[in-house]
Amino acid sequence: MSDKPLTIWEQAQMQGYSRRDFLQFCSWIAAAAGIQATGLAQVVEALDKKPRLPVVWFHFQECTCCSESFIRSSHPIVSDIILDKISLDYTETLQAAAGKQAEEALHKTMTQFKGQYLMLVEGSVPTEEDGVYCCIAGKTALDILKEAASDAKAIVAWGSCASNGCIQAANPNPTGATPIHKLVSGKPIINVPGCPPIAEVMAGTIVHLLAFDRIPQLDGLGRPKAFYSRRVHDTCYRRPNYDAGLFVQAFDDENAKRGYCLYKMGCRGPVTYNACGVMRWNNGVSFPIQSGHGCIGCSEANFWDNGPFYQHLASFPGFGIETTADKVGLVVGAGTLIGIAGHAISTNIRKRKLILEEIESSRNTSDTKKGDE
Amino acid sequence: MANRIVIDPITRIEGHLRIEVEVKDGKVVDAYSSGTMVRGFEIILKGRDPRDAWAFTERVCGVCTTVHALASVRTVEDALGITVPPNAELIRNLMFCTQYMQDHVVHFYHLHALDWVDVVSALKADPKKTSELAQSLSSWPKSSPMYFSDIQKRLTAFVNSGQLGIFANAYWGHPAYKLPPEVNLIGTAHYLEALEWQKEIVKIHTIFGGKNPHPNYLVGGAPCSINLDESNAINAERLAHVKQLLDQAKVFIEQVYLPDLMAVASFYKDWGAIGGGLQNYLAYGDLPMNGYSEPAKFKFPRGVILNRNLKEVLPVDAKNRKEIQEYISHSWYEYSGENELARHPWEGETKLKYTGPKPPYEHLNVEQKYSWLKTPRWNDHAMEVGPLARLLVAYASGREDVKEVVNEALKKLNVPVEALFSTLGRTAARGLETRLIAHWANEFYDQLIDNIKNGDTRTFNDAKWEPDTWPAVAEGVGLSEAPRGALAHWIVIKDKKIANYQLVVPSTWNASPRDHLGQMSAYEASLIGTPVHNPEQPLEVLRTIHSFDPCLACAVHLYDEKGSTVHHLNTF
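As given, the protein sequences belong to chains A and B, one line each in that order.
Under this note's numbering, the first residue of the first sequence carries the number 1, and numbering increases by one thereafter.
Under this note's numbering, the first residue of the second sequence carries the number 1, and numbering increases by one thereafter.
Bound-form chain A, shown alone:
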């Protein structure tokens, strides 16, 4: 066994792939990461020369939906990621070793690749009662996080649990569940929220790090802009129904059967930044709105406390943050059908300008929100 890990191109050769196959593969992952054709050469070079990136994946307070989502990735498929692109040296869900041997594997990577390993975190960390609400191998999640983070190259906070606390942090947060960015400082942290995040968003984030050897551009909340800079509402294929004032009034009514807008059924698309409307789920098969249920806003902080889910936005408190940004919402917020119809006519004329304004001002809102934390 050689000491020097093989590069991805060397491994591809050993598997019998031609250079042409390899370049084709590079263009796929470039596409998956949203990289333009001009960036392809960088991808090829990166995968040509790199040994597999050592990666450790921690599980704290979570339900493992992020791991489950990750293994659903279609491009790249997960076996290609874990066999050919990264070296997943610790993951409670998939690794063969258990107990002492699993911990040894973790510490070997942390020592051998000090400062070079990528740390993935699934789950929030309980801080009440000195962290006894989550222990692994006799140690608290809090201690494990701090130890592993100190020598990590970068951290990816998978899902809403790790990025914003998710369900266990919902009121009254009995265990003091806390997201990673509030516990670790001095390290690059990428938040990839969602309950869970879309599989290809997770894989795309990894591919970006791997191919470009740098952190993707992040928004004010630390989320990759490639996947979280658009509201579900702005990329929703049902948006024209909203603009035309065509709404589902009750589940499975005539309007539901025609696929009208789910705003009145509580859809959180107008206040949710995610790629569901563009990428859709499970290799583009559908997304919640396409299958008849409103978005519940699962990638936004505090979404569990912005309910009830079936109450529409204008009448629930969380909508306040949008009323200044979202002129459309304000008009609908007035609440009458006449208002909506009137708005629909005017927005059809003013829509383009309004949408631009909305995107700009909600970015500012996001930045302000971050500052508040």
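Simulated from the structure, these hints should not be mistaken for laboratory data.
Virtual Cβ for every residue (Gly too), placed ideally from N, Cα, C.
Treat the hints with care, as some may be off.
To be verified - Computed spacing ranges between beta-carbons, pair by pair:
1. Gln-217(A) x Lys-453(B): 37 to 47 Å
2. Asn-160(B) x Lys-114(A): 21 to 31 Å
3. Asn-365(B) x Asp-253(A): 39 to 49 Å
4. Asp-253(A) x Ala-236(B): 14 to 24 Å
5. Tyr-237(A) x Phe-267(B): 49 to 59 Å
6. Pro-357(B) x Pro-308(A): 51 to 61 Å
7. Arg-308(B) x Thr-235(A): 55 to 65 Å
8. Ser-293(B) x Glu-104(A): 46 to 56 Å
Following the hints, position chain B against chain A.
Relative to chain A, chain B alone:
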């Protein structure tokens, strides 16, 4: 002197499980199972809209995603007296079957197989012999010598890279591994194929529920509408997609999963006498053929088997406050009254109270409290739940389709029916029920098509959607069978809000600590007598624990408090 072995973390499971065993003369003589993480989000459920509860409880677990959502909508529907339209029941059944097929296959290949399959030994296999063997086991087309040779090359390159990733530092070469290199190579190849296949079958959830993991559910029906003349609804294209995925799943299960299971089992028949543990089995049953209100017509029947007596199936009543109760004698909780008394979920109480050792710790204080799981009992009996319990209850209830597949497997392996009460029996039962499910899913699909053909496109009952139509107080129970076993949710609704909500889930039954009498639950009991060749490498302990498919995020206890005046609607 006994040797204490700690395995923490138990990997290839969902959640945080710690096992401590005492080994003497090469055998486990005592065992303790502990859940080491708690989120307490049942406290969070209080005061919420009951129609939202499915989304909250679905997040209990992302591995058995959907099962809590299903139990939750049934619980609320039971409390409010809602019957869902037949199409919604069929869509729920199809989502249920999808979950089982994905979850069981992933369990077998990705969570359990490496206890039996030695990946490193696969490097020594002869691809030609492997191909001959594979073709003798199954008609699955990916079986040429070239195919296995390519897989082997890929594996060799991986090992030669020096970065073993998920396969690093495992028990390769342990004498308990018995498979020839060729079977190990087939297992490894199918590990990779199953990883690709599982992302396909879940698309049925995406079609009906918008995403997976965590598809959407709806109190009163299913959120998707059916409209054959609309691209925005369930139409002929969507249904054809479902059908194609079901057909592919059936082929994969029949040509890959089942033949592999039987091939592996044939080398490990001794495990048909190890890991039996408890003698009592509980199943709530599921997959309604004529609505949820008629449990007699569920595909999986409901019932209890005591002392492995397959001649008698006892009835179960989740609403009887004497039958299902929970103890906290060894759990990190306290009750406001008598701590040693058990409580029915409607009258339970949960207050987190950690009294374990201060971390970092070497050992738990197993004489006192040692887990975040409570200890449920049925009429004070410890019960095993899961695929084996389901099959035994169905077998003992005289279900012909179940008897046929069970008897066929026993005959093929040439083992007696008693071999079912074991680690191997548990693993086999999971595969056998997957075979049945793959078949049943197609029946449900055909019924859905028939309904639509006959002009019924309803997917939602709106009669009790508005909270104004609800009674001041209502109480409900929703029962289901999660892939890991009997699952129940209990709710009390007051003033249109959740007054309390309680779950007793499969891994709580199986993984819980001892009760007030010192009776072990299923994990602990099953480990007694397990051989351990090398205490430094307790592979055998993992085999038995993994045979239960642990799911700890589910198992950790959920909150409720005292019920009072209630409104009963016995819809099940």
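message: I'd like to know which numbered hints this structure contradicts. Please list them from smallest to largest.
response: 1, 3, 6
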